[in-house]
Amino acid sequence: MADDLYSVLGVSKTASADEISKAYRKLAKKYHPDLNPGDDSAEAKFKEASAAYAILNDAEKRGQYDRGEIDASGQERPQQRYYREYAGGEDGQRYYSSAGFEDMGDIFSDLFGQRRSAGGGFGGARGFGGAGGHGFAMRGQDANYRLEIGFLDAANGTKKRITLPDGGTLDVTIPAGVRDGQVLRLKGKGMPGTGGAEAGDALVEITVGAHPVFKRDGRDIIVDLPITFDEAVLGGKVEVPTIHGAVSMTIPAGANTGQTLRMKGRGIKAKAGTGDQLIKLQVMLPETIDGDLKEFAEKWRETHSYDPRKKLREQT
Amino acid sequence: MLDERDLVSKVEQLTVTRLRVWVSEGWIRPADTEAKGYSEADLARAALIRDLVDELGVNEEEVPVILSLVDQIHGLRTELRVLVEAIGELSEESRAQLKERISLRRSKKIG
Numbered sequence: 000m001a002d003d004l005y006s007v008l009g010v011s012k013t014a015s016a017d018e019i020s021k022a023y024r025k026l027a028k029k030y031h032p033d034l035n036p037g038d039d040s041a042e043a044k045f046k047e048a049s050a051a052y053a054i055l056n057d058a059e060k061r062g063q064y065d066r067g068e069i070d071a072s073g074q075e076r077p078q079q080r081y082y083r084e085y086a087g088g089e090d091g092q093r094y095y096s097s098a099g100f101e102d103m104g105d106i107f108s109d110l111f112g113q114r115r116s117a118g119g120g121f122g123g124a125r126g127f128g129g130a131g132g133h134g135f136a137m138r139g140q141d142a143n144y145r146l147e148i149g150f151l152d153a154a155n156g157t158k159k160r161i162t163l164p165d166g167g168t169l170d171v172t173i174p175a176g177v178r179d180g181q182v183l184r185l186k187g188k189g190m191p192g193t194g195g196a197e198a199g200d201a202l203v204e205i206t207v208g209a210h211p212v213f214k215r216d217g218r219d220i221i222v223d224l225p226i227t228f229d230e231a232v233l234g235g236k237v238e239v240p241t242i243h244g245a246v247s248m249t250i251p252a253g254a255n256t257g258q259t260l261r262m263k264g265r266g267i268k269a270k271a272g273t274g275d276q277l278i279k280l281q282v283m284l285p286e287t288i289d290g291d292l293k294e295f296a297e298k299w300r301e302t303h304s305y306d307p308r309k310k311l312r313e314q315t
Numbered sequence: 000m001l002d003e004r005d006l007v008s009k010v011e012q013l014t015v016t017r018l019r020v021w022v023s024e025g026w027i028r029p030a031d032t033e034a035k036g037y038s039e040a041d042l043a044r045a046a047l048i049r050d051l052v053d054e055l056g057v058n059e060e061e062v063p064v065i066l067s068l069v070d071q072i073h074g075l076r077t078e079l080r081v082l083v084e085a086i087g088e089l090s091e092e093s094r095a096q097l098k099e100r101i102s103l104r105r106s107k108k109i110g
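Protein chains in written order, with numbering that gives the first Met the number 0: chain A, 0 to 315; chain B, 0 to 110.
I should point out that these hints are in silico values taken from the structure, not numbers from a laboratory. Every residue gets a Cβ at the ideal spot worked out from N, C-alpha and C, and that includes glycine. Don't take every hint at face value.
Unchecked claim - Just a few of them, taken from the derived set where beta-carbon distance is under 7 Å, the chain A residues facing chain B: (1) A22; (2) R24; (3) N35; (4) P36; (5) S40; (6) A41; (7) A43; (8) R66; (9) Y82; (10) A86; (11) Y94; (12) S97; (13) G290; (14) W299.
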């Protein structure tokens, strides 16, 4: 117990009754145990302030104390059981409010599942699945996995088996057209629930590797296709790789670099629909220019000059 | 279970009328709704409301604000305790991982 009751409340010995009340209230608001549920030292401070106030707030006792007739001890109020001692228990759960974490997002709801059904504290709905609070059923936790798959497996769909840390396995059906970063949810394949509640889900995040030839735009597949000089001029049949295998395709006469040809239905066959394959043509000269070609080009230049940069000049 | 009279006799400065007002305001919900039976938690809650109003000089209008925050804190504390206990059951490795994640998040927020 403190030796000086005035200093406990932080007032002078000549303080008025009003000043003493104000000082006490200020301390009590700060240290009331129920306003500091996690701080054990608050209770001691609150009791100290209450005990001091019990004497100093009573004119007669204050006089006795000032004259040294009574000391600072022995004036504690009867032991009060604070609400915070019950609030953490079974019975206190009736008053819980989940308003403090409703917005904490999926992980929290994954972890705490149905326990979050609580309404808003007092006057609100009874929370935490009712049932009197004891032995609550809790949905199993979701388990997170990551799975790396190749471009073609992602495009065409496949089945994969994940080996779990505990030695078990998890079969994952990859749907055609799965995207990089997409999370597949396997219902009931997570951790088992407690108290008869359902198991959690397995969440599998898919990472899709790149491919040297194919690129993706949604369900469409994009391929850069080199063609020869003569194929460009005269047209012709060429073999084109698709994600479903090689396919023969006709290049129209007069095709050019930058031109895009669409192969309908040769893209990703997803549930939501089938994509196309887009062929971007690139006219390639032979690696070595032989005499014939050189001769032809020289002749051709004399009589057929053309200007592919006309637009470029006009637009700058 | 305590009845109305028991509860009032155990909380200084409480009267049946005051208690009934608090119940009708929804500040206290008798553990046994039908028989108006009160639990120890209800008793402690009544003592808290008494402290707020009589000792701390809180206006009756402000009581629900405080109770709502107190209820939220206890809701949070309970979930936090569950979380912490569950973390305590994890493997050393998982806890280390978690610790790393937490410090990463903290440094992100500060930096």
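#### Entry: Cut-off 7 Å, beta-carbon criterion: hint that A:A43 touches chain B
violated (16 Å)
### Query
Does the CB of A:R66 sit less than 7 Å away from some CB of chain B?
At about 27 Å, which exceeds the 7 Å cut-off, the nearest Cβ of chain B leaves the hint on A:R66 violated.
### Task
Identify whether the interface hint at A:W299 stands, where standing means a beta carbon of chain B within less than 7 Å of its own.
Violated, about 63 Å.
### Message
Checking hints one by one. Is A:S40 an interface residue toward chain B, by the C-beta closer than 7 Å rule?
### Response
violated (17 Å)
### Evaluation of the interface hint that places A:Y94 against chain B, nearest CB under 7 Å
holds (5 Å)
### Task
Would you settle whether the hint for A:G290 is holds or violated, based on the nearest Cβ-Cβ distance to chain B being less than 7 Å?
Where the cut-off is 7 Å and the nearest Cβ of chain B is about 66 Å from A:G290, the hint is violated.
### Task
Would you settle whether the hint for A:A86 is holds or violated, based on the nearest Cβ-Cβ distance to chain B being less than 7 Å?
holds (4 Å)
### Message
Holds or violated: the hint that A:P36 contacts chain B, with Cβ atoms closer than 7 Å.
### Response
holds (6 Å)
#### Entry: Evaluation of the interface hint that places A:N35 against chain B, nearest CB under 7 Å
Because about 10 Å separates A:N35 from the closest Cβ in chain B, which is outside the 7 Å limit, the hint is violated.
### Task
Double-check A:S97 for me: the hint is only fine if its C-beta lies closer than 7 Å to a C-beta in chain B.
holds (5 Å)
### Task
Closer than 7 Å between Cβ atoms is the bar; does A:A22 clear it against chain B? Give me holds or violated.
Interface hint status for A:A22: violated (12 Å vs cutoff 7 Å).
### Task
Identify whether the interface hint at A:R24 stands, where standing means a beta carbon of chain B within less than 7 Å of its own.
holds (5 Å)
Going through the hint list in order, the structure does not satisfy hints 1, 3, 5, 6, 7, 8, 13, 14.
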